[in-house]
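Protein sequence lines correspond, in order, to chains A and B.
When you line the first sequence up against numbering that gives the first Met the number 0, it's residues 0 to 186, in that order.
When you line the second sequence up against numbering that gives the first Met the number 0, it's residues 0 to 173, in that order.
For the record, the hints were derived by calculation from the structure and aren't laboratory data.
Don't be surprised by glycine CBs; every beta carbon is placed ideally from N, CA and C.
Misleading hints may appear alongside valid ones.
Partial chain B-side listing against chain A, Cβ under 10 Å, derived [stated by the list, open to error]: (1) L8; (2) L12; (3) I19; (4) R23; (5) A165.
Coverage of chain A stretches by chain B, computed from C-beta distances (three or more under 8 Å per stretch; other residues unrestricted) [unchecked claim]: (6) 41–53; (7) 61–75; (8) 143–149; (9) 173–179.
Just the calculated beta-carbon pair ranges, DEER-fashion [claimed, not checked]: (10) T166(B) to R172(A): 38 to 46 Å; (11) R69(A) to D96(B): 29 to 37 Å; (12) A168(A) to T113(B): 51 to 59 Å; (13) E99(B) to A179(A): 57 to 65 Å; (14) R37(A) to R125(B): 38 to 46 Å; (15) S90(B) to E54(A): 18 to 26 Å; (16) D9(B) to V161(A): 17 to 25 Å; (17) S7(B) to H76(A): 34 to 42 Å; (18) E99(B) to H171(A): 43 to 51 Å; (19) Q146(B) to S78(A): 21 to 29 Å; (20) P22(B) to R172(A): 25 to 33 Å.
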Amino acid sequence: MVQMLPTAGAKDAAAEPTELIAAAVGGDARAFEHLYRRFSPRVYGLCLRLTGQREAAEDCTQDSFVAAWRALAGFEHRSRFSTWLHRIAVHSVLARRRGLRIDYEVPEPAAGLPDTADPGSDGPPLDLERAIARLPDGARHVLVLVGIYGFSHAEAAHALGVAEGTCKAQLHRARGLLTAALGLEKS
Amino acid sequence: MKVDTQKSLDELLAQLPRDIVPPRNLWRGISRRMDQNPRRVRPLVYAAAASVIGACVASAITWAVLHGQPAAPAAQLAAHPPAFDEPRNPSYVAARDDLELNFRERLSRLDPATRARIEASLAVIRRAHEDIRKALASDPSSPLLEQLWQSTWHDELDLYDHVVRATQPTMTRT
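Build the full structure now, drawing on both the sequences and the hints.
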């Protein structure tokens, strides 16, 4: 059973764990483990939606935290720690995909995604998760970053290594495909 | 109709959970990989040496620039001040002063030999910084000089930062 935490509507109200970050920067692995406990659900969620595959998301989450540990000395507090970590996660997903040349057309898309599709519930339909997982890579990546995780177009374009205009076009494409897939135009 | 459609899609997206707890404990694998490739804090003298090398390279390039090109009219200085404005930003200056204060305090705790090497390194960085400042006054539109100017600022701050972090009293390593 997948455990879910706050929805996309919830803001990042939590204060920056500056003491933990400072200790981790100084080499304290226990402090870094606390940071992992706190931030891994967001990183895993991001990786899962970007890859559409549970095993790949687990690998990318691990890659992200190992990369973050190695790069921590260079963390300069110019952005929030979570923002910095999410950029690393996106990079890990893209790097893994490039390295392994994986085509994320998996037989069971969205495996491992939250099963919140109770017919009577107010939650988002499971169809939405499946439809997102079936989007072409470029469109899915932009939709996940901008539409779900709140990146600006500039941030998403930078993280994905594409032009901002491409980012906007991919989001438009993703919206169109989702709207059609979910039959929203008929409602 | 189109607006309503887009709005309902946005609403659906907003309901999706952003956080999903990994189905298994991934920390064990992360911890193992951290142990295999431990991150090392560079010894202070190496950090100082690295900063000095950067400053010396900047100085050498500045010398080459000054002797390879005719100087621009001094009036350009007022017309084209360097775009790098961190040193003039009050919050930057305040943060830098805090860091320097902290650095001085930590420096005083080090053994005399290490302290002397770090202070010598700092002197080299500041000399390079001053050389570049003068060169920039003669050729204020040079992007290369501006980059070098920035790099010596950063070399100095990197040295402060490294000394402060490396002498953190509560630092533990596991």
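Results of checking the hints against the structure:
1. Given hint, L8(B) at the interface with chain A, holds; its Cβ is 6 Å from that chain's nearest Cβ, closer than 10 Å.
2. Because the closest C-beta pair between L12(B) and chain A is about 5 Å apart, less than 10 Å, the hint holds.
3. The interface hint given for I19(B) holds, since its Cβ lies 4 Å from the closest Cβ of chain A, which is under the 10 Å cut-off.
4. Hint status for R23(B) relative to chain A: holds, with the closest Cβ pair at about 7 Å, below 10 Å.
5. Given the 10 Å rule on beta carbons, the hint for A165(B) holds: about 9 Å separates it from the nearest Cβ of chain A.
6. Figure legend: the segment 41–53 of chain A, annotated as covered by chain B; annotation consistent (6 residues with Cβ-Cβ distances under 8 Å, at least 3 required).
7. Evaluation of the coverage hint for the segment 61–75 of chain A: fulfilled, as 7 residues show C-beta separations to chain B shorter than 8 Å, against a requirement of three.
8. Figure legend: the segment 143–149 of chain A, annotated as covered by chain B; annotation consistent (3 residues with Cβ-Cβ distances under 8 Å, at least 3 required).
9. Chain B is given as covering the segment 173–179 of chain A, and this holds because 3 residues of the stretch bring a CB closer than 8 Å to a CB of that chain, at least three being needed.
10. Between T166(B) and R172(A) the CB atoms are about 53 Å apart, so this pair departs from the stated range of 38 to 46 Å.
11. At roughly 31 Å, the beta carbons of R69(A) and D96(B) sit within the given window of 29 to 37 Å.
12. At roughly 56 Å, the beta carbons of A168(A) and T113(B) sit within the given window of 51 to 59 Å.
13. At roughly 60 Å, the beta carbons of E99(B) and A179(A) sit within the given window of 57 to 65 Å.
14. Against the hinted window of 38 to 46 Å, the Cβ-Cβ separation of R37(A) and R125(B) comes to about 41 Å, which satisfies the hint.
15. The given range of 18 to 26 Å is broken by S90(B) and E54(A), whose C-beta atoms sit roughly 46 Å from each other.
16. Range check, D9(B) to V161(A): Cβ separation about 22 Å, and the 17 to 25 Å hint holds.
17. Look at S7(B) against H76(A): about 39 Å separates their beta carbons, and that is inside 34 to 42 Å.
18. Between E99(B) and H171(A) the C-beta distance comes to about 50 Å, which sits within the given range of 43 to 51 Å.
19. Separation of Q146(B) from S78(A) is about 23 Å and conforms to the stated range, judged on CB atoms against 21 to 29 Å.
20. Roughly 31 Å separates the CB atoms of P22(B) and R172(A), a value that falls within the hinted 25 to 33 Å.
Consistency with the previously given hints fails for numbers 10, 15, ordered from lowest to highest.
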